[in-house]
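**Student:** Residue strings, one per chain:
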Amino acid sequence: MTRITRRDLGRLVLASGAFVSPAAMGQGANPIRIGYAMSLSGGLAANGRSSLLAHKIWQEDVNARGGILGRPVELVFYDDQTNPGTVPALYTKLIDVDKVDIVTSPYATVMIAPSMPVIMQRRMCYVSLFGAGVNEAFKYDRYFSMNVAGDDIKGTYGKGFLEVAFSLPTPPRTLSILAVDNEFAQKAAESVRHLGRQRGLRIVYDRSYPPTTVDFAPTVRAIAATRPDVVFFASYPPDSNGLLRAISELKVTAPILGGGMIGPQIAAVQAQMGPILNNLVNWDVYSPEPTMNFPGVAAFQEKYRARAVAEQVDPLGNYLQPFAYAQMQVVEQSLARVGKIDQAALATDMHANEFKTVVGDIRFSALGEWAEERNLFVQFQGIRDGDLEKYKKPGTKVILYPNNLKSGTLRTPYGAPA
Amino acid sequence: MDPQLSLLLNGIVSGLLLGGLYAAAAAGLAIAFGMLDIVNIAHPALMVAGAFLVVVIGTTLGLDPLLVSLLIAPLFYLVGVGIYTFYHHFFERRGEEALQGLAFFFGVMFIVEVGLVMAFGPEQRFLDPDYAFITWRLGEIDLPLRMLVPAVLAMAVVGLLILWLRRSFTGLAIAAVAQDAEALRLMAVDPVKIKRLAFGISVALAAMAGGALVVVQPVEPSSGQIFIGRVFAICIMGGMASLPGMVTAALLFGVVENVTATFYGPSWSPAVAFGWLLLVLAFRPQGLFGKAA
Amino acid sequence: MSATTIPVTAETAGPRNLAFWGGAIGIGVALVVILRLIGNDYGYFAGYFVLQYVVLASAWNILGGYAGYVNFGAAGFMAAGAYTAVALRKATGLDLIPGIVAAAFVSGLLGLGTGYLTLRLRGVFFSIATLCLAVVLQTLIVNWDYVGGSRGAYIVNPLEIPPFASWGEYMFIVMLVLAILTVGIARAVEHSRIGRGLQAIRDNERAAEAVGVPTLRLKLIATTLCGALMGVAGAPLPYYSGYLNPDAAFSLSYAVNAIAMPLIGGAGTWAGPVIGAVLLGTLQQAATVTISSALNLWIVGWMLVIFVALAPRGIMGWFRKRR
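Protein chains in written order, with this note's numbering: chain C, 1 to 418; chain A, 1 to 293; chain V, 1 to 323.
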């Protein structure tokens, strides 16, 4: 099992400069054990592995400060292989056999949902990572979500994108939608469809594509033929690459192009696409702009980047990694306030209080989502090559929405020569 | 030009280019599966392994992916010879190739795919040559070099292969081995040797396909999965032992997929393509271009 | 079925059947008692995981092991069963048990359809056709919004289900019963005239046809039975995980395991898939919670390669040789 042993902990404590002998640490240690499943292989492994690195960094930080409630923290995690079928068994193992003190979730909705029956039956307090609307079906009162989506995805997700579109000098009239067949992309598309109609846009193209698609040229061409003012894509890697390549090859231009593409947030895609990303308006969760310089996030990213290459994960950590760290911060702060491991008390505390995390101050709603959604819409600007250094600094991925985080102004259209 | 006509023409042309990639992926299989009767389901996985190697070597030495893929082809030839030797010793010789041989390649596919995850991590890898960002325009028709160059390479390699199979003695022996191994023996040719050679070539073609894949899209360890169904479909529709049939089927497959995507949306294109194959299998099992048994 | 068996076996069939069913039920009851004594739900969930593969592997074996027709589309049949259960619940509110019956019916029909394909397709062509069938089915499900499409479907289970100790135990017992029934059916088929007919088809289909074996009828029975039982294996899946999406239902691991398990255990015998499923399923479950990495799947791949190379008749083959 890959868990961090006490000896490792001792080494880490030494390494971080705290002069506690490993033996002393070992004797008094009755660790708080946090258990979860994570996709370390299979389709979601890229995000799963980088989340795990964020969790490890959090663990080291906490233990260097003397742990939680005077107890060191131990992570117990299993690989769910991106196979939802493994999840229920893993969580029964964690709770019933390993008897972990706290459980947190795997990454993404498709893996979180199968864990819910097990969690609910055991009445565990549960902080999840990047689930979208999981609790709409379960309505579990001890579920908390570390995701910017908020309660009402349909009513809020696409708001920022359309807000940006309607800030154009000539208001847009037509909208095209293309979404991959998966749960998050379909929810995103549904929201944009719904809000677009509300704002009087005519939907000139509205289709889905299967994740097995190899060539996007015909689809992109069919979209371009309808001449939409606003082009919305909800895609996943590696399809996002294929779409963007086809868009640049066919020289597609539109006043606003982008939407909910997952991929441009990731370093590998940024390196490969380079200037193709210019003027893309896209959904995001984090950007290293001055408006998002929350306490602790820079320090976290520095530690993360120092280790990312060796761990073969995303070298920038500008996407879900700070959220994975914040997920554990919620657990930490709640435990510190409650003072003991009491699932009911933890849940009450999480509902009642605000959390100060590396992704900002957070409150949870009755359903356990963020009380205020914070879907960002960013624009890539002034990119000349695939070098990644610029993504560590402000000005490359400027925030257009929401207004309280806004850090730049819209450049238009997409596809204009840079 | 009428926009609908332009869409149709571009759909067909982009389909032909996509078909070129499919032909690259299916070429090796047309030899292994079509001529040697070896159901190598691991072929797409080997192609992805080739792609990863291309990315690593190409990035280190700063070489073009297609060039690298040709350079590593001899290595893959040796891998193929190794796999065949094992396969022959344990399955073919015993006459158990049907079920056990299939399971063997299933296992090889898993080993390759998971081995790639362990060696390179789950992140996608890429290596773009400069020409991959250029698009030629012929009137209304777009020809992105990202798709065109791999397709041309595939056609050239397959063309040479067809010539070699028709003209050289060894080539004729390969074509004959599936039909009548005994006759070869009478000609003092060892069918096992011939099959080993041919299977080596088939795996070397996987390396070439890997290079083509790298030019077209970024690769991840599981990239091969979406090709398994397609390449087998193409071999069957092409009438198995015929390389020209395979190429025609690959091009048709690409065109059907892309024209469907243009006019009816991409969500139905796999169902159309595979539904079409089901029909071919049900009503013309010798393939579209095969001769009736 | 027993009426048609050859007299020689009929004499011993009675007591042997009794021994099988007695043994199977005895093992089943013992399992439930032991897991209750251990008293944690992990046993139930891990047990369910293994037992679903017992059903799936035994189902695959009826067609693949006895008749020699390799089905690559196990995940497709399983998903058809799972989605039948989802659709039935959504349409009528009927839950697990009726869902299993409906799944058997729908996947059985699907199996019957593939049976007609065998009229024309032999060997690997049939295998590729089943693979295509799975792709087409997945596209249909992804585009079928009623059962959630690509967004997936949620099934919220009750937290208590008397008289069972927990939902986990209930799921485990349901799957245990299904597994015993499936193995019983597979065994009955093997020892009946159907089984011998299927073996004749496997050995040489043309010769079998020539000596008057009703090959088409037998193949239709086998594909229908195989499809129905795979559907049965899938029907409880949405209830087990509370959520089902097409990626999970059509997961490649079902297709791989459905073939690997019977081959490792010994295809063509009713006990082979059971041994293979218990061994490989347990190994996978154990590897998941010990060496947590991609290594787990790697082991399955290597095991498969090594077993088919060194033990072509599977583990059952070793016993046969020794005797």
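Hints are computed from structural coordinates only; laboratory data are not their basis. Take these hints with a grain of salt, some might be off.
[What the hints assert, rightly or not] Using 27 Å as the maximum straight-line C-alpha spacing, the simulated DSSO-like pairs for lysine-lysine come out as follows:
hint, chain 1, residue 1, chain 2, residue 2
1, C, Lys99, V, Lys90
2, V, Lys90, C, Lys154
3, C, Lys390, C, Lys406
4, C, Lys340, V, Lys90
5, C, Lys303, C, Lys251
6, C, Lys303, C, Lys187
**Student:** A separate judgement is required for each hint: does it hold in the structure or not?
**Tutor:** Hint by hint, here is what the structure shows:
1. Distance check on the hinted pair: Lys99/C and Lys90/V sit about 36 Å apart at the alpha-carbon level, beyond 27 Å; violated.
2. For a cut-off of 27 Å, the pair hint linking Lys90/V to Lys154/C stands: about 22 Å separates their Cα positions.
3. A distance of roughly 19 Å separates the Cα atoms of Lys390/C and Lys406/C; the hinted pair therefore holds under the 27 Å criterion.
4. For the suggested pair Lys340/C and Lys90/V, the alpha carbons sit about 42 Å apart, so the restraint of at most 27 Å is broken.
5. Restraint check for Lys303/C and Lys251/C: not satisfied, since their Cα atoms lie roughly 40 Å apart, outside the 27 Å limit.
6. For the given pair, Lys303/C sits about 34 Å from Lys187/C by alpha-carbon distance, which is inconsistent with the 27 Å threshold.
Violated hints, listed in ascending order, are 1, 4, 5 and 6; each of the other numbered hints is respected by the structure.
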